[in-house]
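The chain contents come next:
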Amino acid sequence: MSFLDFQRVIVNSLKSLRKNKSRSFLTMLGIIIGVASVILIMSLGAGAQSLILNQVETFGANLVSVTPGKTEKNEPPASVMGIVITTLTYEDYEAILNKSRMPDLKAVAALTSGNNSLSWRDNTYEATLTGTTASYIDIYGGEVEKGRFFNKEEEKNLAKVLVLGSKVKQELFGDSDALGQKVKINKQFFEVIGVMKERGQVMFSDFDGQAMIPVRTAQKLVLGINHLNFISAKVNDGADTQKVMEDLGVLMRERHDITNQSGESDDFTIKNAAEAIDMLRTITDALKYFLAVMAALSLLVGGIGIMNIMFISVNERVREIGLRKAVGAKNSNIIWQFLLEAMVLTVIGGIIGIISGVVLSFLVSLVINFLGYDWSFAVSFSSIAVAIITSAAIGLIFGYYPARRASRLSPVEALSYE
Amino acid sequence: MLIQIKNLVKDYQTDDLVTPVLHGVSFDIAEGEFVSIMGPSGSGKSTLMHILGLLDRPTTGSYKLAGHEVSGLNDDELAAYRNKKIGFVFQAFNLLPRTTVLENVELPLFYSEDHRNTRERATKVLESVGLGHRLDYHTNKISGGEKQRVAIARALVNDPAIIFADEPTGNLDSKSGIQIMEILQKLNDEGKTIILVTHETATAEHARRIIQLKDGHIISDRQIQHRRRAQDSESLK
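Line by line, the protein sequences give chains A and B. Residue numbers for the first sequence follow the numbering used here, beginning at 1 and rising by one. Residue numbers for the second sequence follow the numbering used here, beginning at 1 and rising by one.
This is chain A alone, in the form it adopts within the complex (with noise of 0.2 Å):
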């Protein structure tokens, strides 16, 4: 066929689509909605891939952490799982703390955390209790809004002193001042010496809702315990990090009594933010491209009614089949001409799709940003290319087999065809 041939297949497959509108249209509606939803699947996905990854890296690719406990490679740590694992202690931050040891670490702080019950007079708020060192907010950021975050000083000397996040701080005093005051955690009483300053959600974590009290006086006095969940290090711009991680592993393994350096006997993770961000994205993929496949389905049936609409087309002309090869359509030409009609029928319901999905994932993104979120809008070339071949393509499987029946009809039963 030429492709002027073609030009005209396709300008009488339109006129054959236009005057049957409604039909036409219900048929395409499968399609629409199935590629709509690849569409707005991807880009959902790729815009809560790039929200999460830019939580983690709002914290700096620069920061190591040390978990108790080993972990394989691009799995979760095992506190997730909900396993107490107790090799990590305050006497090994303070090795760690030692510059002439790690001298490429600006900063390290140490995390304990449980939760407890903070009452204020007759006011009583289920916070995450968080045990940490002077150095928090070098390491996780934040800002104090009244009031101080605690010294060095007090989280050696086992100083009972409050730092509320806003929320906690909300929830105990409303708006009265809360600086001076005597909140009991544990029968003890602390004194809030700080409040720190809304943050929202950050990392899935809820800083807003956590209330600090030095490490060491969380261990001793409140939870009673004697290891840490987590130490966290802000390594030096242009420090070489995996130096640094290979560094503390040496440090973590003398410490622990490990003579394997291989890292197979060890009783602590050191991971990256960099390694996170892989081990997210890589589950983030996967999830996308799940979500995908199931909308991917949707189109499936989309094309299971581009076929039985093709079948219905083909009985309701075969006499004009029938004349169309008696004034010489070959057998291929009848092929193209419903074939034409079907790839006509999904390319337009891919398009019309492709630009519901669009302006719906457009929607999602207002609405998301609207709630505060930092979501960006963002529609691949890559998965418009896929939408755009994906129903071409079931329009070319789906039309295949009712144009070949109707190329198959022999003339003469097709013209007298009732």
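Honestly, I wouldn't trust all of these hints.
Unchecked claim - Chain B side only, calculated, beta carbon under 7 Å to chain A, not exhaustive: (1) 74; (2) 75; (3) 82; (4) 83; (5) 96; (6) 108; (7) 111; (8) 114.
Unchecked claim - Residues of chain B placed beyond 12 Å of chain A at every Cβ, according to the derived structure: (9) 1; (10) 7; (11) 17; (12) 19; (13) 94; (14) 112; (15) 136; (16) 137; (17) 146; (18) 190; (19) 228; (20) 231.
Simulated from the structure, these hints should not be mistaken for lab results. Even for Gly, the Cβ is constructed at its ideal location relative to N, Cα and C.
Following the hints, complete the assembly by docking chain B onto the known chain A.
Chain B only, in chain A's frame:
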């Protein structure tokens, strides 16, 4: 000879049952003839026309069209022959619905190799059958007689060697029927070979030769000395 058929046999096979329709039919048709094939329904005249028009193949026998054996051609070769050599006019018009008169006449050109000036060529044949004023009408908006004239224009547009007319007046009132026969006679006067299939004697007598079929055999094949002239007819009946 334009058409030479020898011992043409056509059987229809359904399951285990073989139904013979044509039992060894032979005749020649020269270029420029106007032949009526007559017979009651079931006589095999439609089957014969389908085979002569290359819409169907004989079971056995020979069919030479313009000197070429065509009984063994495949679907695509037959389609090409139909496109170039043959024009059909059917009882039921068989125009494409929801398309214009002009587009219907352009249709055979669409399947031919020569795509030049399709619009001009289609317009010209439509003017020759007196439908120059209906080019852009949709086919459901014109009268039966006009529909059959569109069909004739469609049959003529590729300048075929033979026109097959299968009961062309069967769906028309007598006045329109006369007009159609007049056009066919005029075409024949200009040299076109025409094969008319009908069961009505009055219609058949517009030809110069009548072949009568019965039960798949030729029972008579005669020349008409004074053919009926459509211009003189009041009615076909």
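Hints, one by one, checked against the model:
1. 74: Hint violated; residue 74(B) Cβ to chain A Cβ min 10 Å, cut 7 Å.
2. 75: Since the shortest Cβ distance to chain A is 6 Å, the answer is holds.
3. 82: holds, 5 Å
4. 83: holds, 2 Å
5. 96: It holds, given that the least Cβ distance between residue 96(B) and chain A is near 6 Å, below 7 Å.
6. 108: For residue 108(B), the interface hint holds, since the closest Cβ of chain A sits about 4 Å away, which is under 7 Å.
7. 111: At about 4 Å, which falls below the 7 Å cut-off, the nearest Cβ of chain A leaves the hint on residue 111(B) intact, so it holds.
8. 114: At about 12 Å, which exceeds the 7 Å cut-off, the nearest Cβ of chain A leaves the hint on residue 114(B) violated.
9. 1: holds, 23 Å
10. 7: holds, 21 Å
11. 17: At roughly 17 Å from the nearest Cβ of chain A, residue 17(B) sits farther out than 12 Å, so the non-interface label holds.
12. 19: Label holds. Min Cβ-Cβ 15 Å, cutoff 12 Å.
13. 94: violated, 4 Å
14. 112: Given that some Cβ of chain A is not farther than 12 Å from that of residue 112(B), nearest at about 6 Å, it is violated.
15. 136: Nearest chain A Cβ is 14 Å from residue 136(B), so the label holds.
16. 137: holds, 16 Å
17. 146: Nearest chain A Cβ is 18 Å from residue 146(B), so the label holds.
18. 190: Its Cβ never comes within 12 Å of chain A, the nearest being 21 Å, so this holds.
19. 228: holds, 28 Å
20. 231: Holds, since 30 Å exceeds 12 Å.
Going through the hint list in order, the structure does not satisfy hints 1, 8, 13 and 14.
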